[in-house]
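Using the sequences provided together with the hints, build the complete structure.
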Amino acid sequence: MVLSASDKTNVKGIFAKIGGQVDEYGAETLQRLFATYPQTKTYFPHFDVSPGSAQVKAHGKKVAGALVEAVNHIDDIAGALSKLSDLHAQKLRVDPVNFKLLGQCFLVVVAVHQAAALTPEVHASLDKFLCAVGNVLTAKYR
Amino acid sequence: MVHWTAEEKQLITSVWAKVNVEECGAEAVARLLIVYPWTQRFFSSFGNLSSPTAVSGNPKVHAHGKKVLTSFGDAIKNLDNIKGTYSKLSELHCEKLHVDPENFRLLGDIFIIVLAAHFTKDFSPACQATWQKLVGVVAHALSYKYH
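Chains as they are written, first to last, in the numbering used here: chain G, 1 to 142; chain D, 1001 to 1147.
I should point out that these hints are in silico values taken from the structure, not numbers from a laboratory.
For clarity, every value in this text was computed on a predicted model and none was experimentally measured.
Among the hints, a few may not be true.
[Said to hold, decoys possible] Chain D residues, not near chain G, derived (Cβ > 10 Å throughout):
hint, residue
1, 1004
2, 1045
3, 1118
[To be verified] Computed footprint of chain G on chain D; a stretch qualifies when at least three of its residues, placed anywhere within it, have a C-beta under 8 Å from a C-beta of chain G:
hint, stretch
4, 1030-1037
5, 1074-1082
6, 1140-1146
Backbone N, C-alpha and C fix where the C-beta goes; we use that ideal spot for every residue, glycine too.
The following block contains the structure:
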């Protein structure tokens, strides 16, 4: 799966629209992840995962930041997220299925806040991008 | 049998009451074919699916979307027996249509996105969780009779 030139344009475009709100999107993504897929909470036993949690907000900001980094280096996502990829492989070892779940929740958040901008074409590009990020983060698992 | 809390049933029926079945169905199937183009393999008789615009404007896609989501309504009317409701449809999808059940999960996820875009802030995390559970149950029921 390869990101075409128009995929890259679509992804950059939607993230430009999201702008500075991306941190909130990250927090809401996690909130929806924990509500919809409770098994994902098993990776955060040390967290207060209740709605509005400061820890969830902070972690959402981290996740959002990584996505933005990937967008800013969309021609070399593997390079941009190399250290994060190492971290997930060696330390975090989040089962690969969960990246799809996170991607689904991020798409829902974008749909909620940017419905008009999430055309079918942009939806497709964003879904591909999120898959690509997940693939990079699990690339060194074995 | 799946257990639904009173809150879940409320979230399902209140959202469903506001869904335009024809529009949302068409949107969901169109997005399925656009976002996951390999799903087009089941629709070689649908004519022009060569671009997102072609897919979105295709009358057969539109009609099929309406059919699929109308059928979804049967699950909502029979929340306490979704497996029974879809028993024949499950056999059909296995024996005649030869659809990999993974496609039911893909369509379910797409439908959630369509609902989110339609209801925006009203599509709360609790709402999403309930509806994600429902589409999962429907997908499971549709694959239940596979052999």
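Which hints from the list above does the structure break, by number from lowest to highest? When the structure is compared with the hints, numbers 3, 5 and 6 turn out to be violated.
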